[in-house]
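Chemist: Residue strings, one per chain:
Protein chains: 2
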Amino acid sequence: MSEVTAIDPADWVCPLPLRETKRIVMGHGGGGILSEELIENLFLPAFGAGGPSRDSAVLTVPAGRIAVSTDSYVVQPLFFPGGNIGDLAVNGTINDLAMSGAQPLGLTAGFILEEGLELELLGRIAQSMGKAADHAGVGIVTGDTKVVGRGSADQLFVNTAGVGVIPDGVDIGPERVRPGDDVIVSGNVGEHGVAIMSVRTGIDFGTVVTTDSAPLHGLVAAMLAADEGGHHIHALRDPTRGGLVASVVEIARAAGVGISLQESVIPVPDAVASACSFLGLDPLQVANEGKLVAFVDPAATEAVLAAMHAHPEGARAVVIGRVVPEHPGMAVGRTPFGTTRVIERELGEQLPRIC
Amino acid sequence: MSEVTAIDPADWVCPLPLRETKRIVMGHGGGGILSEELIENLFLPAFGAGGPSRDSAVLTVPAGRIAVSTDSYVVQPLFFPGGNIGDLAVNGTINDLAMSGAQPLGLTAGFILEEGLELELLGRIAQSMGKAADHAGVGIVTGDTKVVGRGSADQLFVNTAGVGVIPDGVDIGPERVRPGDDVIVSGNVGEHGVAIMSVRTGIDFGTVVTTDSAPLHGLVAAMLAADEGGHHIHALRDPTRGGLVASVVEIARAAGVGISLQESVIPVPDAVASACSFLGLDPLQVANEGKLVAFVDPAATEAVLAAMHAHPEGARAVVIGRVVPEHPGMAVGRTPFGTTRVIERELGEQLPRIC
Chain A
1 MSEVTAIDPA DWVCPLPLRE TKRIVMGHGG GGILSEELIE NLFLPAFGAG GPSRDSAVLT
61 VPAGRIAVST DSYVVQPLFF PGGNIGDLAV NGTINDLAMS GAQPLGLTAG FILEEGLELE
121 LLGRIAQSMG KAADHAGVGI VTGDTKVVGR GSADQLFVNT AGVGVIPDGV DIGPERVRPG
181 DDVIVSGNVG EHGVAIMSVR TGIDFGTVVT TDSAPLHGLV AAMLAADEGG HHIHALRDPT
241 RGGLVASVVE IARAAGVGIS LQESVIPVPD AVASACSFLG LDPLQVANEG KLVAFVDPAA
301 TEAVLAAMHA HPEGARAVVI GRVVPEHPGM AVGRTPFGTT RVIERELGEQ LPRIC
Chain B
1 MSEVTAIDPA DWVCPLPLRE TKRIVMGHGG GGILSEELIE NLFLPAFGAG GPSRDSAVLT
61 VPAGRIAVST DSYVVQPLFF PGGNIGDLAV NGTINDLAMS GAQPLGLTAG FILEEGLELE
121 LLGRIAQSMG KAADHAGVGI VTGDTKVVGR GSADQLFVNT AGVGVIPDGV DIGPERVRPG
181 DDVIVSGNVG EHGVAIMSVR TGIDFGTVVT TDSAPLHGLV AAMLAADEGG HHIHALRDPT
241 RGGLVASVVE IARAAGVGIS LQESVIPVPD AVASACSFLG LDPLQVANEG KLVAFVDPAA
301 TEAVLAAMHA HPEGARAVVI GRVVPEHPGM AVGRTPFGTT RVIERELGEQ LPRIC
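Going down the list, the sequences are from chains A and B.
FYI, the numbering for the first sequence is 1 to 355, going by the numbering used here.
FYI, the numbering for the second sequence is 1 to 355, going by the numbering used here.
Honestly, the hints are just simulated from the structure, not real lab data.
Keep in mind that the hints are not guaranteed to be accurate.
Pairs involving identical chains hold if they fit within one copy or between any two copies, as the list cannot separate such chains.
As a list, the in silico SDA-like pairs of lysine to any residue whose alpha-carbon atoms are at most 25 Å apart [claimed, not checked]:
id, residue 1, residue 2
1, Lys22, Pro352
2, Lys22, Lys131
3, Lys131, Val165
4, Lys131, Glu120
5, Lys131, Gly338
6, Lys22, Val208
7, Lys22, Ser152
8, Lys131, Ala221
9, Lys22, Gly348
10, Lys22, Leu347
11, Lys22, Leu105
12, Lys22, Met330
13, Lys131, Ala222
14, Lys22, Asp204
15, Lys22, Glu175
Looking at chain A on its own, in the form it has when it is part of the complex:
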């Protein structure tokens, strides 16, 4: 079961044999002494001073609206260029909250660990989570750990749920999208998916593509500030699984509008384009983890774009299309060759376990 290795005196904790392990054992999920040790020696130091409480955490909120979100992460491999499952999980849930205009208040972390997982690996992932949360200015406030036997999970799954505060007056949702709105993307698309695929396939695409994983609540706050409460930012989406295409089709369907994209202006880095061409993928359907798509009344587009350009996560923001009254529920792209095509989502997925 557990791999018992020779003890380095520096690692010595306790004479009980199980504590000598460098790996997760079933007992780490049992709610007993080993569980407590895992929390106190691994998770709490990694998550920092505002680390998680035992069963539930208490947060103080102003009267008004909160956003609540959850995402489970099953990405393989656990580590990839530019990040790992831990910071991905933190940024991903922050971004789900940010897409309703919320500023994140606290995150939860729920782990499902496979027996035999190296503690050192778990420690590095937990530290990444702590750093990402710290960078975003949000605490990991409570958590949970379960362990399943070898072969009953694939190393490590993590769920992050989050709570955020929606500032008074912010009103963002697909039902507000209307014909005439500009469609803005905050930067290059396709990087996260290609970063994962490059490790998974072992193919050298010449340039290393790193994940774009990043928290977007700061960018959203800057955009809302630039709009000065004008309610011109109608909807926001983070194009993760299914990529840009899934986000725009989802909005077209939810708002009952058509969307027309100018494909030639959508920023796809050369390395992403060539990797996608090699792998037979459409970069517009590849997952992003640090980008947003905004649907904005053209009266505010200039101000919102300027604010995006002034923010590191929006420096390459660009208008890629427009909401139209034609073909409701559908997105249509003008290709670089001047033709048009219907942009349709995948039935399933191009890339499994991308997040």
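Following the hints, put chain B in place on chain A, whose structure we already have.
Modeler: This is chain B only, laid out in the frame that chain A set:
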């Protein structure tokens, strides 16, 4: 991959081959059309009218304190006497919130599904979640679904996170526990763990023991009302993994007090006692999923106990011990034979994957 069976006309949805499947395929987790179908045809109907929104849900809160909690569920088997992983996940997170005195406001549901899982099984579990949430008066407000390949998970894991509102003036926490406090348990202990073990071992213990899985926020509200803002309810714990013992030792350690239990008055049903005796388990260390332990100033014990007895989840509530200044950080039990023993938590766990 997917098992394509003959189509019953009543099940007919769409001519695309994948939709004929009765099982989860990788694409159900891809964020595309199959994901949407799973949400719209399975999760939304199961979770009811207040079903989950796409990325995040918006809830309205009064100014003040909210409790936030998360729990992942990996119980095997998925179905057991009296419940399944779905209602367990709903009640469990409600109870984590209730232990800080919070009334639940909304739950999230994050699924990790193994490719090949029967849709009918998932549907039954989702329906149980919807029913349990409805029974508790709380909505499942947002969710997430990931799919991993065959052999990368064990059927289905579910994470529930929750948000609850802590009423003004409620002040519950282990740091408030002090010598003299009565220790109250709300009813029979050991039922959940034995219910699981009876199915897992296939041993017939004569009587079927069913899980005690139940939401406890109503009981907690009744107890708080009986205390009339007197702040006599110092701490609450739900004795899940590690059982009653883990809860009392945890409080003893957190509060720096001793706890003395009268073992003969702890309500252990005969069927639980005999199953535990057969399996070599200590019923005080077996998981419960619908019980609480309260640490109460004796000035309020009578009123709080009366309120518990008037509530279905607290009908068998009883004082089982007292907080003492001696042996801080430790719990000691007076056995039925008149001797005393130190009550210590398990290092790991008696029963893996009990919740």
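Chemist: Compare the structure with each hint and give your call.
Modeler: Right, here's what the structure says about each hint:
1. Lys22 <-> Pro352: between (30 Å within a copy, 20 Å between copies)
2. Lys22 <-> Lys131: Intra 23 Å, inter 42 Å, cutoff 25 Å: intra-copy only.
3. Lys131 <-> Val165: The answer is within: 22 Å in one copy meets 25 Å, while 29 Å across copies does not.
4. Lys131 <-> Glu120: Close inside one copy (16 Å), not across copies (41 Å); limit 25 Å.
5. Lys131 <-> Gly338: neither (46 Å within a copy, 53 Å between copies)
6. Lys22 <-> Val208: neither (32 Å within a copy, 40 Å between copies)
7. Lys22 <-> Ser152: both (20 Å within a copy, 22 Å between copies)
8. Lys131 <-> Ala221: within (21 Å within a copy, 38 Å between copies)
9. Lys22 <-> Gly348: between (38 Å within a copy, 15 Å between copies)
10. Lys22 <-> Leu347: between (42 Å within a copy, 16 Å between copies)
11. Lys22 <-> Leu105: So Lys22 and Leu105 fail the 25 Å test inside a copy (34 Å) and across (40 Å) alike.
12. Lys22 <-> Met330: So Lys22 and Met330 fail the 25 Å test inside a copy (53 Å) and across (29 Å) alike.
13. Lys131 <-> Ala222: within (23 Å within a copy, 42 Å between copies)
14. Lys22 <-> Asp204: neither (33 Å within a copy, 39 Å between copies)
15. Lys22 <-> Glu175: neither (52 Å within a copy, 33 Å between copies)
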